[in-house]
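Let the hints inform the model, and build the full structure from the sequences given.
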Amino acid sequence: MGQLFAVEVIYRGVFQKTLAKNITRDIVLAAHNEGKLGISFGRYGDAPERNGIPAKSFAIVANDELTLEAGMAQYEPKQVDLTLVLDDTLCKGGESWAWYGLQPVHHALKPGHTLIVISLEDAPTLLKSIHRREEPYKLGIMKGITSFSGMWVFKDDHTDVRVLGAIAKALPEVFSLKSVEQFINEKLKSAAKVTSARNAFERFTTVPVKAGQGNPEVPFAFEKPGWEDMRSAVSIKGQPQGGPYPDPATGKVGGFRPARNELFKKYSTRTLRPVINFSTCTKCTLCWLNCPDASFDVTPEGTYDANLEACCGCGVCEEVCPVKDCVHMVNESEFHDNKSQWEAFRNDKDAYLKWLESTIEKAEPIEKRSHGFRYRGQYAEQVPEALEIAKKG
Amino acid sequence: MSTFVDEKPTQELEAFKGVKKVPHEEYYTSGHRTCQGCESAQIMKLMAKAAGPRTIILGSTGCMYVANTSYYATPWGVPWMHTQLGSSGSAALGAAASLRVQMRKGVMKDEPINVIAFCGDGGGADMGLGAISATMCHPDYNLLILMYDNESYANTDIQISGTSPYGVNTSFSTPGKVKRIMNHRWKKNMAPLMLVGHPTVKYVGTISTSYPLQAMNSVRKALSVGGPTFIHCLNPCPKGWDFDPVLSFELGELAVNTGIWPLYEVENGKLKLYGKTEQIASGRFKRLPVRDYLLKQGRFAHFIEEDIDYFQSKIDDMWNKWLVPGIIPLQKDIETE
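If you read the sequences in order, they're chains H and C. Counting from 1, one number per residue, gives the positions in the first sequence under our numbering. Counting from 1, one number per residue, gives the positions in the second sequence under our numbering.
Simulated from the structure, these hints should not be mistaken for lab results. Please read these numbers as outputs of a predicted model, since none were measured by experiment. Ideal Cβ positions, reconstructed from N, Cα and C, are used throughout, including at glycine. Errors might be hidden in some of the hints.
Computed far set for chain H versus chain C, every beta-carbon distance over 10 Å [said to hold, decoys possible]:
#1 Gly-112
#2 Asp-122
#3 Asp-156
#4 Arg-346
Pairs of lysine-lysine, DSSO-like flavour, derived with a Cα cap of 27 Å [to be verified]:
#5 C:Lys-21 x H:Lys-324
#6 C:Lys-179 x H:Lys-187
#7 H:Lys-283 x C:Lys-20
#8 C:Lys-321 x C:Lys-332
#9 H:Lys-237 x C:Lys-109
#10 H:Lys-187 x C:Lys-177
#11 H:Lys-189 x C:Lys-177
#12 H:Lys-21 x C:Lys-177
#13 H:Lys-138 x H:Lys-78
#14 C:Lys-187 x C:Lys-270
#15 H:Lys-21 x C:Lys-179
#16 C:Lys-20 x H:Lys-324
#17 C:Lys-179 x H:Lys-189
#18 H:Lys-283 x C:Lys-21
#19 C:Lys-21 x H:Lys-252
#20 H:Lys-283 x C:Lys-17
#21 H:Lys-128 x H:Lys-169
#22 C:Lys-20 x H:Lys-252
What follows is the structure in structure tokens.
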């Protein structure tokens, strides 16, 4: 048996679907230039794909047909030679559609191998989110703005070819830079893309991550219920009714917190999260009423607290809020826990408002966000900035 | 006067008198795996909230089946059962009939229980149309069929359906270099179809998730009025319509304000327009141009001016030429020979 290589690409469902599909296809085509065989495929359990969910696409490459077939017989590669993360908020881990709890982003990566993240942050910042693991590995950051587009759109900002250049450096056994260049010249026919790939190859570096280094949080896990746990007629238990809960400052019980599915949470589906100013809230109910995920708790004070177990970060609450300075959507990478904002507000109002002020400063105004299609020509406007970073690395 | 219709009492569900009067209890809570900004999930939440605890919900295949119940991912707090893609009508009728028999035989307590079957536009306007139509002809059974319409088979990655709008980009109507417009069909007018075709139906309405209070009150009325009822809800879909999820709410409003999606209810044959639609019809609000709605969505990104103009002209016809503006597509001028 020959050698089998597997690369996994972790991406945001729908927003990066075309990009991830193209990257895994291109890996196979570039490796083909060296006489290797390969196949790219999306993870079965991620379909049907939803906006924003952490999804995976794979490329497996082998020296001979028999080895490739052996690799293809697996549902998905259990161990991969390289993990590529297309959005840095995914460093907090991913939850698959077929629910296994929260998987650390490197959970399938072989010891000593490379995790590539596209980000504008540095390694210490990302390691605040990336979970600890027993085995050491290498972390490589490819500087870049997260490339988001829509269902059918491929935003041509060179992310795809830059990634190929970085992979040629990190995993030269699969393909060399020469094969990448050959692939781009023959299939994509763009000299600028060859330059972008070469730049990425030359500038790509990794830092070693030691055993035990990283986010100490224990990833959310649970015991998977089996068939025996189902009730007659293959039915499962519905969700119970919620109820009032106590105010941490006064102990007074009130408000309403809906019961929520204990097994199925949305920790990793967000790229943005709502940050709420409880002192300006007018209790108008609109965020609570219009939230598709029932993620708002009605606090004993009558304000609304986004429960971060359930929020998937769509931003509808920010949109419907009639108060100018109440709900702000802030990039998820700014946060390192999922604690209740209202409880923090009740425990120390001044400290909370100070934190709020410094946090919402980092909120990008909606006109600048890239979180899907808003108007025509938007993607074309975003490409030059991405290309500038590609040039400077 | 004798009647052979064997009616059973329904629950008395009064309209919610304002957003502050809406109960906190959720019967469709967190724990589903829908897209960011999913308005179809939002209507499920509102529908369950409006119906209350004594409700049975049946769902035909679609996003709201797959995303809500795969691998223990359930948000339902009331009994829910899956039914086949085209059979929301038969499932609703069967459930209502079975409840009646069990109550008559004393197997269960005799009380009014809401029966709701939901279907997507694929399950309702395409595949399930026959079964829904048959169900609408059975006046003895109290049930509601709610069609949540995201204008495509969104679950399986956006294939065209009978309610997909003109010219839209879907997996089955991708615009090409030679042919730009690949969907020449105009959206199926489902609520009037149910209304005109089934004269004994006591309630038919259209709703939008961007008007949550009216949507819930429409569901409550449909469940209280008795017999089979039908509601058609338009749900902006960030995945398939290709827009930033933050726009979910705004696009629902724009659909109404541009006149593309009229809001109305017909109770016992009496038509009532409501919200902005009523203001449009009475001339107090000028319809916004459809381009405001179209250009915010990636699925119309290939439209050129000509296409926008055509779309606008069809909407203008709907309001200016139809016998009942926005609803019944008969010409105003009736030929009498």
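Tested hints:
{"no.": "1", "hint": "Gly-112", "in the structure": "33 Å, holds"}
{"no.": "2", "hint": "Asp-122", "in the structure": "28 Å, holds"}
{"no.": "3", "hint": "Asp-156", "in the structure": "15 Å, holds"}
{"no.": "4", "hint": "Arg-346", "in the structure": "19 Å, holds"}
{"no.": "5", "hint": "C:Lys-21 x H:Lys-324", "in the structure": "25 Å, holds"}
{"no.": "6", "hint": "C:Lys-179 x H:Lys-187", "in the structure": "25 Å, holds"}
{"no.": "7", "hint": "H:Lys-283 x C:Lys-20", "in the structure": "9 Å, holds"}
{"no.": "8", "hint": "C:Lys-321 x C:Lys-332", "in the structure": "6 Å, holds"}
{"no.": "9", "hint": "H:Lys-237 x C:Lys-109", "in the structure": "22 Å, holds"}
{"no.": "10", "hint": "H:Lys-187 x C:Lys-177", "in the structure": "20 Å, holds"}
{"no.": "11", "hint": "H:Lys-189 x C:Lys-177", "in the structure": "20 Å, holds"}
{"no.": "12", "hint": "H:Lys-21 x C:Lys-177", "in the structure": "23 Å, holds"}
{"no.": "13", "hint": "H:Lys-138 x H:Lys-78", "in the structure": "19 Å, holds"}
{"no.": "14", "hint": "C:Lys-187 x C:Lys-270", "in the structure": "24 Å, holds"}
{"no.": "15", "hint": "H:Lys-21 x C:Lys-179", "in the structure": "26 Å, holds"}
{"no.": "16", "hint": "C:Lys-20 x H:Lys-324", "in the structure": "21 Å, holds"}
{"no.": "17", "hint": "C:Lys-179 x H:Lys-189", "in the structure": "26 Å, holds"}
{"no.": "18", "hint": "H:Lys-283 x C:Lys-21", "in the structure": "13 Å, holds"}
{"no.": "19", "hint": "C:Lys-21 x H:Lys-252", "in the structure": "22 Å, holds"}
{"no.": "20", "hint": "H:Lys-283 x C:Lys-17", "in the structure": "17 Å, holds"}
{"no.": "21", "hint": "H:Lys-128 x H:Lys-169", "in the structure": "26 Å, holds"}
{"no.": "22", "hint": "C:Lys-20 x H:Lys-252", "in the structure": "21 Å, holds"}
In the structure shown, no violation is registered for any of the earlier numbered hints.
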